[in-house]
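Q: What follows is each chain in one-letter form.
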Amino acid sequence: MSKIHGMMDVGKRSMMNSQTALQTTGHNIANKSTEGYSRQRVELQTAEPLGMGKLRIGTGAKSAAITRTNNPYLEKQIQKEQANLGYLEGKADAMTRVEQVYNEQMNKGLNQFSTDFFNSFREFANNPESLATRTQVKETADHMTQDFARVNKQLTEIQRDLDQQVAVQVDQVNEITKELASLNEKVQMVEASGAPANDERDRRDLLIKQLGQKINIRWAEGADGNVTVTAGQNALLVTGNEAKRLDVKSTPAEGAKGEGNFDVFYHNSERSTAIRVTDQLNGGSLGGLLEVRDKTINGLLDQVDNMAYTLGSTVNELHQRGFDVYNKQGATFFELPKELKGASANLKLNEAIAKDVGKIASAAQRDAPGDNRVANAISKLQFEGVIGDNKATLDEYYNSMVGEVGIQTRRTTTEQDSQKNIVNQLKNIRESISGVSLDEETTRLIEYQKGFDASARLIRTADEMFDTVLNLKRM
Amino acid sequence: MRIADKMNFDQVNATLGKNRTDMAELQNQAATQKKLTKPSDDPLAATRVLQTRTEIEAGKQFLKSVGQAKNFLEYSDQSLGELAEVFMRAKELAISQSNDASASESTRQVAATEVEQLFAQSVQVGNRKQGDRFLFGGFRTTRPPFDANGNYKGDSGEMKITINKEAQVAMNMPGDRIFLGKSVQTPSGTTPPTPGENRDPKVDPQPTHGNDPAVRPAKIRAPASRFSTPNEAAAEMKSADGEEPNNLGESWKTKGTNVFKVLSDLEIALRANDKQSVQESLDHIDEALAQVVIARSTLGARAQTLTSAMESLQKGQVDAKTLQSNLEDADTFELVSDINKTESTLKASLQTSGKLIQPSLLDFLR
Chain R
150 MSKIHGMMDV GKRSMMNSQT ALQTTGHNIA NKSTEGYSRQ RVELQTAEPL
200 GMGKLRIGTG AKSAAITRTN NPYLEKQIQK EQANLGYLEG KADAMTRVEQ
250 VYNEQMNKGL NQFSTDFFNS FREFANNPES LATRTQVKET ADHMTQDFAR
300 VNKQLTEIQR DLDQQVAVQV DQVNEITKEL ASLNEKVQMV EASGAPANDE
350 RDRRDLLIKQ LGQKINIRWA EGADGNVTVT AGQNALLVTG NEAKRLDVKS
400 TPAEGAKGEG NFDVFYHNSE RSTAIRVTDQ LNGGSLGGLL EVRDKTINGL
450 LDQVDNMAYT LGSTVNELHQ RGFDVYNKQG ATFFELPKEL KGASANLKLN
500 EAIAKDVGKI ASAAQRDAPG DNRVANAISK LQFEGVIGDN KATLDEYYNS
550 MVGEVGIQTR RTTTEQDSQK NIVNQLKNIR ESISGVSLDE ETTRLIEYQK
600 GFDASARLIR TADEMFDTVL NLKRM
Chain Y
80 MRIADKMNFD QVNATLGKNR TDMAELQNQA ATQKKLTKPS DDPLAATRVL
130 QTRTEIEAGK QFLKSVGQAK NFLEYSDQSL GELAEVFMRA KELAISQSND
180 ASASESTRQV AATEVEQLFA QSVQVGNRKQ GDRFLFGGFR TTRPPFDANG
230 NYKGDSGEMK ITINKEAQVA MNMPGDRIFL GKSVQTPSGT TPPTPGENRD
280 PKVDPQPTHG NDPAVRPAKI RAPASRFSTP NEAAAEMKSA DGEEPNNLGE
330 SWKTKGTNVF KVLSDLEIAL RANDKQSVQE SLDHIDEALA QVVIARSTLG
380 ARAQTLTSAM ESLQKGQVDA KTLQSNLEDA DTFELVSDIN KTESTLKASL
430 QTSGKLIQPS LLDFLR
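Those protein sequence lines, which keep their order, are chains R and Y.
Numbering of the first sequence is given in the numbering used here, commencing with residue 150 and proceeding in unit increments.
Numbering of the second sequence is given in the numbering used here, commencing with residue 80 and proceeding in unit increments.
Here chain R stands alone, though its shape is the one from the complex:
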């Protein structure tokens, strides 16, 4: 036998279920645009029926759990692809800046300045007696050395900027790991009570993706629901509710890294010494930035230095064999830096020549103001193989440098584009599974509202039934 009380109970529970469902729908609608949100559903189950002899009378429904709709394997794949994208973004970002240093499509660059320099020697050879041609040689040499210095300076400036970017990203990594640690704690706490920690998990998934985009990580979720995150090979960033810190410091040159550039250090604990992890960071945007900063730019600097040094020493060699207007053996034309490293920044026209262009030597013998053999020989250097095992001309050497930069930039940006497409497609799939559809939610809204109405009607019916029962006696 059923009871009116039971009916009331069923109605009440049903109303509460509807309310829960309505609120969850509201939650979904509100988080329609929240990054990383997975839509949630109230899992309704039939409540335990009552046994009455041969009858088992239903007692309505109960809200068993609120779950999120999510495909963890897809999330993992997105995380991986997004990490690749981060790396390519970091690299492309830095490369497009490096490219500008070598862009001679719009501005004058080393290619033109060195042509001007050699041309000035040709003009000088045409008329070695003239002060004007000598002055021109001086001017073009000056411009060329300045442009060598410009390339050097711009490249090192990019390195400095990249340092700053590295510092900012490391800060962001620290922020993320801190939040991850606290989310670990929350997830564990919430789930201890048996309810899935939907929102916390969504947020945690999102943060891991963001972290992976910045730095190469490996991560795994333990049985206790905590994720453990390792950066590089062994920099344990998050364990349980604890986050370890990374920081940056300017350090002397080491390996590919240049003097004064930032190294990334890992602090296992406040007391232990920091461990250098720069070389382990080869993924995420940090990996991209570090690669360009240490490998690409330092490689380019070496090449420019080599070019400046070779140019300076070969020109000097010839110039010193000549004689100037005072019938003196030619001085060094360039003040050659002591060492190859930094030669491009330090190559300068000899002070004495800058002051007195008469000291530029064009003659191969004394007492021959019209002798242009040295000037001719120097001008011919432009087309001689003097660099790279004496196989390439200076022009070829520089042009191939430009080509290399162009190819690398192009490859990185194309790869970045296609990687972006991949990530977008995956995200699309993710949205189709976990994303909120307003149509869907609206339908639910109506559905649960109707359910709510009907449940209320049930209670009223039960109430009327009570009235009927109570009025039995008066009649």
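Worth flagging that the hints you see were computed from the coordinates, not collected in a lab.
Please note that a few of the clues may not be correct.
To be verified - Calculated lysine-lysine pairs in the DSS-like style (CA-CA distance at most 27 Å, straight line): (1) R/Lys229 / R/Lys576; (2) Y/Lys139 / Y/Lys394; (3) R/Lys497 / R/Lys487; (4) Y/Lys434 / R/Lys181; (5) Y/Lys394 / R/Lys257; (6) Y/Lys97 / R/Lys576; (7) Y/Lys97 / R/Lys569; (8) R/Lys569 / Y/Lys434; (9) Y/Lys232 / R/Lys477; (10) R/Lys540 / Y/Lys244; (11) R/Lys181 / R/Lys229; (12) Y/Lys113 / Y/Lys97; (13) R/Lys569 / Y/Lys114; (14) R/Lys508 / Y/Lys143; (15) R/Lys302 / R/Lys497; (16) Y/Lys149 / Y/Lys394; (17) R/Lys569 / Y/Lys420; (18) R/Lys229 / Y/Lys97; (19) Y/Lys114 / R/Lys257; (20) R/Lys569 / Y/Lys426; (21) Y/Lys139 / R/Lys257; (22) Y/Lys426 / R/Lys257; (23) Y/Lys113 / Y/Lys354.
Said to hold, decoys possible - Partial chain R-side listing against chain Y, Cβ under 8 Å, derived: (24) Gln172; (25) Gly175; (26) Ala179; (27) Asn180; (28) Ser182; (29) Glu253; (30) Gln254; (31) Thr264; (32) Asp516; (33) Ala517; (34) Asn521; (35) Tyr546; (36) Gly552; (37) Arg559.
Ideal Cβ placement from N, Cα and C applies to all residues, glycine included.
Given chain R, put chain Y in place with the hints provided.
A: Chain Y in isolation, oriented as in the chain R frame:
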């Protein structure tokens, strides 16, 4: 497939973003009229553009050099023309004064005075300047190569002008060759020229080739000039004209004709009223004249070389510029049609985007 709202909006964002980027890129090309605005647009083309630009710039300089050298040569040639006239006149005088039919002691005295002036005129020609530079002083271009007595103060240097990547052409002829008959020294000094024949060893022995003689030696020497170290370059630099050009040809000096001596001999003979010597001097005058003519023909050959070098340089310039334009300039027609295409794509995606962000079920509920 289940479509979530976010997908629509993301897609609209992505397509519009891509279309706008394409459009901006094309507009940039249209504004600059260049399809190559940075090396990564086309790395290979970018390096080739740099190459051709170097070629164009160097070519401009070569053209300038050739022009200057040509001027110098032409002026030298013109001056030598005058010298030839001097000797024509001397020859006339010598012929007319070499017999007694038309000449006498007094006419010889008059002729002697004229020869004296011819001598001075020759010295003047020898000291001819272009701008501040003496034409016939070899490397010593800043002071007169001849004194009043015809003594040579210059050297035997030849100023070589680079006319293209490989070749050089001498733009001057040192005075000792023209006036003193000194043979040009060969670098090794082992092959003295045929006596009495003042041929420029650089002139192609078979001029029938029609090639420019002076450019040939340069071409032949080109492989040798591909030095790999500055040392070799310097060695070549030195050997180009020998260490001490003045000493090298010393022993051959006598084999040529000293034009001043010819004139002064003639003058002496006239003054001495020595018919015999005057007659003998005719041969020397012819030799001197031949010497000048050979020098002029050498200069002419070089000028010829320069002219053809100039032509090929100009052609090279045109070719290089065409290549450069092909590599970096935007094809306007293609560009405009691309812009139109992209524009219509952009419009289409704007339109469909409007449809994508359609009203949802919410809009139909009252």
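Q: Now tell me if each hint is right for this structure.
A: Hints versus structure:
1. For the hint pairing R/Lys229 with R/Lys576, the CA-to-CA distance comes to about 12 Å; that is within 27 Å, so the pair holds.
2. At roughly 12 Å between alpha-carbon atoms, Y/Lys139 and Y/Lys394 fall within 27 Å of each other, so this suggested pair holds.
3. Between R/Lys497 and R/Lys487 the CA atoms are separated by roughly 12 Å; this keeps the pair inside 27 Å, and the hint holds.
4. Proximity of Y/Lys434 to R/Lys181 is assessed by CA-CA distance (about 20 Å); at most 27 Å being required, the pair is judged to hold.
5. This hinted pair checks out: Y/Lys394 and R/Lys257 have alpha carbons roughly 25 Å apart, not beyond 27 Å.
6. Taking the CA atoms of Y/Lys97 and R/Lys576, the gap is about 17 Å. The hint holds against a cut of 27 Å.
7. Of the pairs offered as hints, the one joining Y/Lys97 and R/Lys569 holds, with about 12 Å between alpha carbons and a cut-off of 27 Å not exceeded.
8. Of the supplied pair hints, the one linking R/Lys569 and Y/Lys434 holds, its CA atoms being roughly 25 Å apart against a limit of 27 Å.
9. For the proposed pair Y/Lys232 and R/Lys477, the alpha carbon gap of about 21 Å is at most 27 Å, so the pair holds.
10. A threshold of 27 Å between alpha carbons decides the hint, and for R/Lys540 with Y/Lys244 the separation of about 17 Å falls inside it, so the pair holds.
11. Distance check on the hinted pair: R/Lys181 and R/Lys229 sit about 24 Å apart at the alpha-carbon level, within 27 Å; holds.
12. Simply put, Y/Lys113 and Y/Lys97 have alpha-carbon atoms about 21 Å apart, close enough for the 27 Å limit, and the pair holds.
13. A hinted pair counts as satisfied when its Cα atoms are at most 27 Å apart, and R/Lys569 with Y/Lys114 qualifies at roughly 25 Å.
14. Our distance criterion of 27 Å between C-alpha atoms is met by R/Lys508 and Y/Lys143, whose separation comes to about 25 Å.
15. For the proposed pair R/Lys302 and R/Lys497, the alpha carbon gap of about 15 Å is at most 27 Å, so the pair holds.
16. Distance check on the hinted pair: Y/Lys149 and Y/Lys394 sit about 18 Å apart at the alpha-carbon level, within 27 Å; holds.
17. A threshold of 27 Å between alpha carbons decides the hint, and for R/Lys569 with Y/Lys420 the separation of about 24 Å falls inside it, so the pair holds.
18. Taking the CA atoms of R/Lys229 and Y/Lys97, the gap is near 24 Å; set against the 27 Å cutoff, the hint holds.
19. The hinted pair formed by Y/Lys114 and R/Lys257 meets the criterion: a straight-line CA distance of about 18 Å does not exceed 27 Å.
20. Note on R/Lys569 and Y/Lys426: the hinted pairing holds, with a Cα-Cα distance of about 24 Å set against a maximum of 27 Å.
21. This hinted pair checks out: Y/Lys139 and R/Lys257 have alpha carbons roughly 17 Å apart, not beyond 27 Å.
22. Of the supplied pair hints, the one linking Y/Lys426 and R/Lys257 is violated, its CA atoms being roughly 39 Å apart against a limit of 27 Å.
23. Restraint check: the Cα-Cα separation between Y/Lys113 and Y/Lys354 comes to about 81 Å, which exceeds 27 Å; the hinted pair is violated.
24. The interface hint given for R/Gln172 is violated, since its Cβ lies 18 Å from the closest Cβ of chain Y, which is over the 8 Å cut-off.
25. Interface hint at R/Gly175: violated, since its Cβ lies 13 Å from the closest Cβ of chain Y, which is beyond the 8 Å cut-off.
26. Interface hint at R/Ala179: violated, since its Cβ lies 13 Å from the closest Cβ of chain Y, which is beyond the 8 Å cut-off.
27. Taking 8 Å as the C-beta contact cut-off toward chain Y, the hint placing R/Asn180 at the interface is violated, the least distance being around 10 Å.
28. The closest approach between the C-beta of R/Ser182 and any C-beta of chain Y is roughly 7 Å, which is under the 8 Å cut-off, so the hint is satisfied.
29. Interface restraint check: R/Glu253 against chain Y, minimum CB-CB distance 6 Å, threshold 8 Å, status holds.
30. With a least beta-carbon distance of about 5 Å to chain Y, the hint placing R/Gln254 at the interface is held under the 8 Å criterion.
31. Interface restraint check for R/Thr264: the shortest CB-CB distance to chain Y comes to about 4 Å, inside 8 Å, so the restraint holds.
32. The interface hint given for R/Asp516 is met, as the beta carbon of that residue sits about 7 Å from the closest beta carbon of chain Y, less than 8 Å.
33. Interface hint status for R/Ala517: upheld, as the beta-carbon distance to the closest one in chain Y is roughly 3 Å, under 8 Å.
34. Hint on R/Asn521 holds. Least Cβ distance to chain Y is approximately 6 Å, under the 8 Å limit.
35. The closest approach between the C-beta of R/Tyr546 and any C-beta of chain Y is roughly 11 Å, which is over the 8 Å cut-off, so the hint fails.
36. Because the beta carbon of R/Gly552 sits about 4 Å from the nearest beta carbon in chain Y, less than 8 Å, this interface hint is met.
37. The closest approach between the C-beta of R/Arg559 and any C-beta of chain Y is roughly 4 Å, which is under the 8 Å cut-off, so the hint is satisfied.
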